[in-house]
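**Q** Sequence:
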Amino acid sequence: MPFPLGETAALLTSLLWALSSTMFTVGTRRHSPQAVNRIRLVLALFLLFLTVTLFYGSPLPPGGRRVWFFLGLSGVVGLAIGDSFLFYSYRRIGPRVSMLLMSLVPVVTTTVAWVLMGESIRILKLMAIGITLLGVVMVVSERGDGDSPFRLSGVGIALGVGAMLGQAAGLLLAKVVLDEGYPTLPATYIR
Numbered sequence: 001m002p003f004p005l006g007e008t009a010a011l012l013t014s015l016l017w018a019l020s021s022t023m024f025t026v027g028t029r030r031h032s033p034q035a036v037n038r039i040r041l042v043l044a045l046f047l048l049f050l051t052v053t054l055f056y057g058s059p060l061p062p063g064g065r066r067v068w069f070f071l072g073l074s075g076v077v078g079l080a081i082g083d084s085f086l087f088y089s090y091r092r093i094g095p096r097v098s099m100l101l102m103s104l105v106p107v108v109t110t111t112v113a114w115v116l117m118g119e120s121i122r123i124l125k126l127m128a129i130g131i132t133l134l135g136v137v138m139v140v141s142e143r144g145d146g147d148s149p150f151r152l153s154g155v156g157i158a159l160g161v162g163a164m165l166g167q168a169a170g171l172l173l174a175k176v177v178l179d180e181g182y183p184t185l186p187a188t189y190i191r
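The sequence shown maps to residues 1 to 191 in this note's numbering.
None of these hints come from the bench; they were simulated from the model. Do not rely on the hints blindly, as some may be mistaken.
Cβ pair distances, simulated, as ranges [to be verified]:
#1 Met-1 x Val-137: 35 to 41 Å
#2 Leu-16 x Gly-135: 18 to 24 Å
#3 Glu-180 x Leu-5: 35 to 41 Å
Keep in mind it's a predicted model, so treat the numbers as computed, not measured. Idealized CB from N, CA, C, for every residue including glycine.
With these hints in hand, go ahead and build the complete structure from the sequences.
**A** As structure tokens, then:
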């Protein structure tokens, strides 16, 4: 039986997402969410600089004005603004509900791409959207146990929704260029 590479990668990704949201929550309780986001972006930029230089032989990825415009705008909307909302929501409502709201990013992205970009949605995707929405409603509407240091609040939920919308908008802006075949590594670096 071959090694289940895809399944292993999916599980490791889930683990890293859980760990990173928890660590960012700890960081935002000790420092301002803006500072944590800036440090994360600077560290990511440095690592991507090294990776792009290694793979492409130049620290400046290829691409014309259109590529730089859409990916740059995608980075501002998704990574600078959207993730700032996310880090503030970590501080207010905690990683569990914040990441739950972020699970709606694919729902919003798919719906907007269907409405504005003419993409098709198959029945299986519609079912997945329905299940995701049901799960989010169930978790957000349940009563807490009282032991959590986080409380659901209108401001916290609004911050989480702002993060979700920022991430979805950033992905849709990047999609304009990625759908034309632009490579994902330099696209991530430009963002």
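**Q** Against this structure, judge whether each hint is valid.
**A** Structure-based check of each hint:
1. Met-1 x Val-137: 35 to 41 Å: Cβ of Met-1 to Cβ of Val-137: about 39 Å, so the range 35 to 41 Å holds.
2. Leu-16 x Gly-135: 18 to 24 Å: holds, 21 Å
3. Glu-180 x Leu-5: 35 to 41 Å: Given a distance of about 28 Å, which is not inside 35 to 41 Å, the answer is violated.
Consistency note: the structure conflicts with earlier hint 3 alone.
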